[in-house]
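Undergrad: Protein chains in written order, with full-length UniProt numbering: chain D, 1 to 339; chain F, 1 to 339; chain L, 1 to 339; chain A, 1 to 339; chain Y, 1 to 339; chain C, 1 to 339.
These are calculated hints, taken from the structure and not from any lab test. Think of the CB as a built atom: it goes at the ideal place given N, C-alpha and C, for glycine as much as any other residue. Treat the hints with care, as some may be off.
Said to hold, decoys possible - In silico DSS-like cross-links for lysine-lysine, where the CA-CA straight-line distance does not exceed 27 Å: (1) D:Lys169 / A:Lys80; (2) A:Lys80 / F:Lys2; (3) D:Lys106 / A:Lys169.
What the hints assert, rightly or not - Computed Cβ-Cβ distance ranges for the label pairs, DEER-style: (4) F:Gly17 / Y:Lys297: 54 to 64 Å; (5) Y:Arg266 / C:Lys230: 54 to 64 Å; (6) C:Asn251 / A:Arg231: 42 to 52 Å; (7) F:Gly17 / L:Lys326: 17 to 27 Å; (8) F:Gly17 / D:Gly46: 31 to 41 Å; (9) D:Asp119 / Y:Lys169: 38 to 48 Å; (10) Y:Lys169 / L:Asp119: 29 to 39 Å; (11) D:Gln152 / F:Gly17: 46 to 56 Å; (12) Y:Arg266 / D:Leu148: 28 to 38 Å; (13) D:Lys326 / Y:Lys80: 16 to 26 Å; (14) A:Thr267 / D:Glu145: 52 to 62 Å; (15) C:Asn251 / Y:Asn251: 14 to 24 Å; (16) Y:Lys297 / A:Thr267: 34 to 44 Å.
There are 6 protein chains.
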Amino acid sequence: MKAVTFGEIMLRLAPPGYLRFEQAASFEAVYGGGEANVAVSLANFGVPAAFVTKVPDNPIGQAAINEMRRYGVDTAYMLKGGDRLGIYFLEKGASQRPSKVVYDRKLSAISQARKEDFDWPAIFSGADWFHFTGITPALGDSVAEAVLAACQAAKAAGLTVSCDLNFRKNLWTSEKAGKTMAQFMPYVDVCIANEEDAEKVFGIKAPDSDIVGGSLSHDGYKAVAEELKKRFNFTAVAITLRGSISASDNNWAAMLYKDGEFHFSRTYPIHIVDRVGGGDSFAGGLIYAMLSGFAAKDALEFAVAASCLKHSIEGDHNHVTVAEVKTLAGGDASGRVQR
Amino acid sequence: MKAVTFGEIMLRLAPPGYLRFEQAASFEAVYGGGEANVAVSLANFGVPAAFVTKVPDNPIGQAAINEMRRYGVDTAYMLKGGDRLGIYFLEKGASQRPSKVVYDRKLSAISQARKEDFDWPAIFSGADWFHFTGITPALGDSVAEAVLAACQAAKAAGLTVSCDLNFRKNLWTSEKAGKTMAQFMPYVDVCIANEEDAEKVFGIKAPDSDIVGGSLSHDGYKAVAEELKKRFNFTAVAITLRGSISASDNNWAAMLYKDGEFHFSRTYPIHIVDRVGGGDSFAGGLIYAMLSGFAAKDALEFAVAASCLKHSIEGDHNHVTVAEVKTLAGGDASGRVQR
Amino acid sequence: MKAVTFGEIMLRLAPPGYLRFEQAASFEAVYGGGEANVAVSLANFGVPAAFVTKVPDNPIGQAAINEMRRYGVDTAYMLKGGDRLGIYFLEKGASQRPSKVVYDRKLSAISQARKEDFDWPAIFSGADWFHFTGITPALGDSVAEAVLAACQAAKAAGLTVSCDLNFRKNLWTSEKAGKTMAQFMPYVDVCIANEEDAEKVFGIKAPDSDIVGGSLSHDGYKAVAEELKKRFNFTAVAITLRGSISASDNNWAAMLYKDGEFHFSRTYPIHIVDRVGGGDSFAGGLIYAMLSGFAAKDALEFAVAASCLKHSIEGDHNHVTVAEVKTLAGGDASGRVQR
Amino acid sequence: MKAVTFGEIMLRLAPPGYLRFEQAASFEAVYGGGEANVAVSLANFGVPAAFVTKVPDNPIGQAAINEMRRYGVDTAYMLKGGDRLGIYFLEKGASQRPSKVVYDRKLSAISQARKEDFDWPAIFSGADWFHFTGITPALGDSVAEAVLAACQAAKAAGLTVSCDLNFRKNLWTSEKAGKTMAQFMPYVDVCIANEEDAEKVFGIKAPDSDIVGGSLSHDGYKAVAEELKKRFNFTAVAITLRGSISASDNNWAAMLYKDGEFHFSRTYPIHIVDRVGGGDSFAGGLIYAMLSGFAAKDALEFAVAASCLKHSIEGDHNHVTVAEVKTLAGGDASGRVQR
Amino acid sequence: MKAVTFGEIMLRLAPPGYLRFEQAASFEAVYGGGEANVAVSLANFGVPAAFVTKVPDNPIGQAAINEMRRYGVDTAYMLKGGDRLGIYFLEKGASQRPSKVVYDRKLSAISQARKEDFDWPAIFSGADWFHFTGITPALGDSVAEAVLAACQAAKAAGLTVSCDLNFRKNLWTSEKAGKTMAQFMPYVDVCIANEEDAEKVFGIKAPDSDIVGGSLSHDGYKAVAEELKKRFNFTAVAITLRGSISASDNNWAAMLYKDGEFHFSRTYPIHIVDRVGGGDSFAGGLIYAMLSGFAAKDALEFAVAASCLKHSIEGDHNHVTVAEVKTLAGGDASGRVQR
Amino acid sequence: MKAVTFGEIMLRLAPPGYLRFEQAASFEAVYGGGEANVAVSLANFGVPAAFVTKVPDNPIGQAAINEMRRYGVDTAYMLKGGDRLGIYFLEKGASQRPSKVVYDRKLSAISQARKEDFDWPAIFSGADWFHFTGITPALGDSVAEAVLAACQAAKAAGLTVSCDLNFRKNLWTSEKAGKTMAQFMPYVDVCIANEEDAEKVFGIKAPDSDIVGGSLSHDGYKAVAEELKKRFNFTAVAITLRGSISASDNNWAAMLYKDGEFHFSRTYPIHIVDRVGGGDSFAGGLIYAMLSGFAAKDALEFAVAASCLKHSIEGDHNHVTVAEVKTLAGGDASGRVQR
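In isolation and in its complexed conformation, chain D is listed as follows (with noise of 0.2 Å):
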């Protein structure tokens, strides 16, 4: 198995621990983004994935790509030109203070490619899934016509597309988007959204879920993702589910609709070291455990464990084993020391 996936990679750049921006002296520095961390998610599992994505030809762009092969992601089609890496820089919030991003990704060589940029058929040779998210079309136009093609070839090619919405306000508007990723839907087969995107990119809302509030309807999740398999025919549907205690706590659970039937998995009480990527270790999970053939109820809670296990680590990636989310998914959430 193999998998592709088509994003932007930034620079993070975050105060040392819980110091506000004001008081830095120092920002630790890693590499990360939507789809970037989806594919070291899958390279941690052992599935060989490439991240196609176009970075400067300067140091910085070549520490980007360095990060990605450390963890053993595919990066031939890391591309390089254009402008600048997008740099975002993290606050790490605690207790009621949230976590504060400042985005800086104007200019970012992968904002500026084009379609032409990319041979999708030599990328998608030998591959079975494509994955990307709502961020990487919000990225500009000519990104978005990428966005397009690697659909539609990936489509010839027979893999296996999935999607998370993952809405950005700071990129594009819901009007927008919802045009744009309509464009998309067509080819993806799995669907990956938290529990407002599909809201804000399409319109579908959760009849009566309070995010602010962190509190979450069973229900309403089912009437969305109904709704979603309803209007773009995916094979799957899955969506995130994050009860927002505090900036230090929050509670962690999925809905999976596949093949007509919900799944709930386990709600996760998680104590937060680094909340950042929690979604995309998700889907790095979800396609995992789909590429690998699991049941619906058990991909679904690999992908959760998965995504558990993620808020304990520093970063934007989600550097676990398939032993490690296996002991979780199968109930040992214990954390008792492993000698």
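Dock chains F, L, A, Y and C against chain D, hints included.
TA: Only chains F, L, A, Y and C this time, still in chain D's reference frame:
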């Protein structure tokens, strides 16, 4: 609006993370103190704030000035002279292990200051509010004289005066504190205290509180506030209510007694990053809210939300904006990532 | 009073914070091991304590000696020679992700030590207590012989002997452990174990405990203690009871069976800073309390409070004073700042 | 005396120590830029100094303001708005490996500023000196227009105007630079340049210099200065002379041409800590000395000593006092410990 | 072109800065070793490079693989198995205090490897060059057998073979080294050595060199090279010439004997950042240059410039590009900032 | 052999690297002082060494004790009591920027100590050597009395007494120093001084030295030594000769006058890591060599080599072994890696 605070600023030296003093090979350094912290809070809220003190004429004293300047405080009246900058060593506690403070403030420049050092009419020119705490006069008789002169000048100039009782048993006895503080009370409009101060300074005890055990009685605090009001005719009395579950987890709330009414804030369950300066951030929030003409209940909720956020921030200072406090006071404590 | 412990000291290498091994660009270094940790606990309590071991004659071995000296342990019998200092790599877990230990202790100097290396009568001169754990004999047959010689010499010299069963599956099998440990038991007065040791070493199982799930049955532990007492005629049997909620949160308590009575300590809900050495700090507390003539229940509460505090301290060692432990054992778990 | 500078302030991100970009897991962060650096130098010398720029209205922009405030610079005219704060990545060289700068300053807030943003008469109220460098107009045509307006307003208000030619090949061509800079020269009194600038901007070449090889000819520099004076009728021309032995060791000196006389400073052999901002610290020293009415030779020696010391200080800024500079300019370069 | 190297990769643990082992509370961690370093050099030069070794199947072994992947080395033949990853502790010297290495490499996975573990024909498929050093066979007889098999397979496949004699007295005696290494020499085309190796391995001594004193005689080295060539009929012999002035300052040059001609490189006076891997970076540069068909003198200057730059880079690896090396080899050693 | 030293130990707080005080967000912490440093030197050379002082009874005082214990010093006579531990802030200089020390030692526990605190006969039991410096009596009259008592007791017990004149202008005047120190000289056998001390304490000036300029005249120093010997009848007079080229580079040598002969050591050109404690390490080396019965010239060379190495070591203490010193004294200053 413009505010002035008067007191000591110290070099705070803390081992990294949760190391004990004996384990530390380095100390993280910030500069803080009760009244300095209030000045920074106010500056962060956009209120022109001046901090009055004395620091030694050496690079350590200069660094204290720089830290205040950095956050926008007017440092024109941080005088130079005297022997040394006071120091306090802070060991951060966790779970059942309490935080530990070792004071090393003898011979500090401010403790050697004299009434004549400060030109209060000039200092208060254009100001609306004067704030000090019980720590300032506890530093020495000559500083207490300066406090009295400040109170008189403030009143003469029509400022509102607030005082945080802030009893420190290492600096003086309850007897000395009671006698000294009583001199200033006629000038004080707003009295701020924590759950112990009223008893330690003026012998006014909440009948049925158990501070160590963490139980708090609303009726007890009402009684304390009424007695304070009766004795000193304050315009407002505010008492913070800390429920210490452990060094890692506290409950935090406050009461405001004003115009004959008792207001109790919501209670925040806090996962602590840095607890020092919690009370000061309450005072800063309350002064801001009162200067801005908030209704009593709103002022209280603003002050409590501000100080709740402080517990999530490293160092003595409360680095939050008005907008951040209002979001929390408005009910969003979910800590969801702000993008 | 004076105590002697015998065992291995290792270099512990841990990534900073919550980084995984693969993410680490540096390792924090401390030196610890079961019996070394007990010696440091005792020295911190003011008990003259000697640690007996063998370290390589190189700067890494010297650093291990220095660490023990730093905290006041008598290092006259930390012999020099052999190939290398054992190492263990520690990755700190969080939430549902368990801590992970990678041992790299083969060819360690102490594992190469022989009975003849240690002059036990000289070592025990003036001593009242001898402590070892099941790890020491597990290091190799020649070390096991040294343990036996130590036990015999300790008894001959009238010392009290304590043993923490401390089963390590990486070092030996249950079968080998049971056979070897049984040789030492006739010399042991005080037997210490965690919730698994008795079963793993001597096949004595608490009937209805579920360790991974974190449920603990008082009756089950009573049965284990009685059986241990029956088989080996110990003066006292102490069993620690860890309830693993997650890698971040544990419940911690213990039982002491002495003079026919079962004592159960209070249970501490712990927010974990560093869990390694938790059991050793219990042993250290118990030995101190017994050496000081505490009543059984008081000794137990002292030992549990001591080890509760250990969980809030970085590194293997328990850096707390008798006064700090007594404050907690006396009921103040509020973690309020000590000024 | 009071001085105003105008230009860009950037976030500088540098790997710790001598790590290369690709090795870095964190970046040390300071905020600097040519004109900001001059303002800090002057503030450190006790000269009231204001820095005029535009930064984005986000925490990164605020941090830049805070850094300037911290060192006593007047930040009232650091406007807020625009897309982003410019960034430059700095890799510190050593021995034969040169330092490396990767600029990421496109779309910076200041580059988007327009003439109308700045109320120069208000800004220059009470000021004696205006300083800018060739970097500011290179940021964009609209900024160049603002520079021209500033020059005109400064002259109208009777200020002395200094300009550091500071050619940056990444920002514009020599042709564009020459044409643009020529517009400002009629308003400039004091022209500052390094060994390359005069040639790169105005095509004025020192006949026999070999910059890469590090040989410097006094006569060549005299010729350059005379030609500059002839063309633009400057009151004074200062040229810094850097002899690059390696990335670790430089020789440093300067020439001042004033009132028809050439003054050459002593040459300092420097072991480099941080070379960035070296030229700015020379400008800062020269402006201070001229504002203070130093004789030409003394002003030159002060400026060179100030900038010599800068090379021993981390970051872009020159954190030295007048007394420290005078000690070195006075001949004590022994570096003996000051107790 | 494609190259393969074979040897050990170790975890290198070094105290930060200039701390001695006994002072260190942490160790900086990188992964390196003679042949691994050469592979990274080549990858950084754009040469497809594979590193062949064996590491333990645990996270520490995985981290070693990741480090190689990060810099673009093919790790398909970094096998997994065996006891542990070898470690070396490095204390960085300064001035008159030498750097100090404590090896802890017994029982390393690669030392336990056997001839059968490596499928050389597959490994060498498509490769042009094979490189090993004298360290590899010194790890144990079974590894020496694997080296012999590799040499034979390399020759059979038409690869060029290079060997860096690299004598390590801690691993074997000169006698054993001489006997073992002699077996491989018939397969070796390019022999690389430092100023001591030829004597220590084959008893060939430069008549009048004084290594400790730092004097180097060109004639002596010529004699050594001629004798090596005579004995083993190498195509080329390269000898590095290190003049140790102090732990902080070295002179660095090399000689290449090829086609009957002696070439001496320029000598670089180096201010040392990290001296470890200096020889390996020379080998890497030489292999690149020879693979690229450089003339002998150019190849030598490239190799010496590459290794000169290595001394300015932290860690074992040489992170420089071909362009950077060529700039230095071309004569620009000024270290001027590259913007 | 056994030695005793008496004096102050301080907490030393230094910004990391070359940061100035005003830039520091943390301070590296070690514990040192003239006589403490000598004790550590001796312990590192294997000489049983006791350090006598008084530290406050708080965790900071305990940390000072721990640091001494860590390196093997007998701390039985580090008494507890008094107000605080003295502090000194150290800013490391570089190139032309000198290092800077800010003392904050008023009210230190040792300065409050009295003659009666120290039981000298018990302290000197079994000892051969007593060492103190001019700093100890400068701390206060009561400490000076204790020094006198120590000298008398030391002589009575037959110890050799050494004194490093070590004049500190911040602690007393030359006049006071001269008068006080003169009292102790009759008991002193070995007098140690730097190039300034003899003049500052006893008005004995080297006729033609220029300390700031770095020129040193052998004849001048001979004259000083002879005069010292004449006045106080010392057995030996040692003078260190520091040539300050810059804060980064010093020349270092010394002279020993004994038995009517003048011995001059070789001169070491030193690239400085940490210069503080340089003189103390000379004293430590000299005492070791004299206690060990070295010939005068050998003792001198040992002492100078020991202190040369100190300059390459972070912190106040000299962490070197006898073997390391002998290697350097024996002529190997090449700094080649020790494997």
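Undergrad: Decide, hint by hint, whether the structure agrees.
TA: Structure-based check of all given hints:
For the given pair, Lys169 of chain D sits about 22 Å from Lys80 of chain A by alpha-carbon distance, which is consistent with the 27 Å threshold. Proposed proximity of Lys80 of chain A and Lys2 of chain F is supported: the alpha carbons are some 23 Å apart, at most 27 Å. In summary, the hint linking Lys106 of chain D to Lys169 of chain A is supported, as the alpha carbons are separated by about 23 Å, within the 27 Å threshold. Judged by the Cβ atoms, the range 54 to 64 Å given for Gly17 of chain F and Lys297 of chain Y holds: they are separated by roughly 55 Å.
At about 57 Å, the beta-carbon gap between Arg266 of chain Y and Lys230 of chain C stays in the expected band of 54 to 64 Å. In this structure the supplied range 42 to 52 Å holds for Asn251 of chain C paired with Arg231 of chain A, their Cβ-Cβ distance being about 49 Å. Distance hint for Gly17 of chain F and Lys326 of chain L: a CB-CB separation of about 26 Å, consistent with the stated range 17 to 27 Å. Range check, Gly17 of chain F to Gly46 of chain D: about 35 Å between beta-carbon atoms, so the 31 to 41 Å window is met.
At about 54 Å, the beta-carbon gap between Asp119 of chain D and Lys169 of chain Y misses the expected band of 38 to 48 Å. Restraint check, Lys169 of chain Y to Asp119 of chain L: a C-beta distance of roughly 35 Å satisfies the suggested window 29 to 39 Å. Look at Gln152 of chain D against Gly17 of chain F: about 52 Å separates their beta carbons, and that is inside 46 to 56 Å. Separated by about 57 Å at the C-beta atoms, Arg266 of chain Y and Leu148 of chain D break the suggested range of 28 to 38 Å.
Between Lys326 of chain D and Lys80 of chain Y the C-beta distance comes to about 20 Å, which sits within the given range of 16 to 26 Å. Taken as a hint, the range 52 to 62 Å holds for the pair Thr267 of chain A and Glu145 of chain D, whose Cβ atoms sit roughly 60 Å apart. A hinted range of 14 to 24 Å for the beta carbons of Asn251 of chain C and Asn251 of chain Y is consistent with their spacing of about 21 Å. Checked against the hint of 34 to 44 Å, the C-beta distance between Lys297 of chain Y and Thr267 of chain A comes to roughly 36 Å, which is consistent with it.
Violated hints for the displayed structure, listed by number in ascending order: 9, 12.
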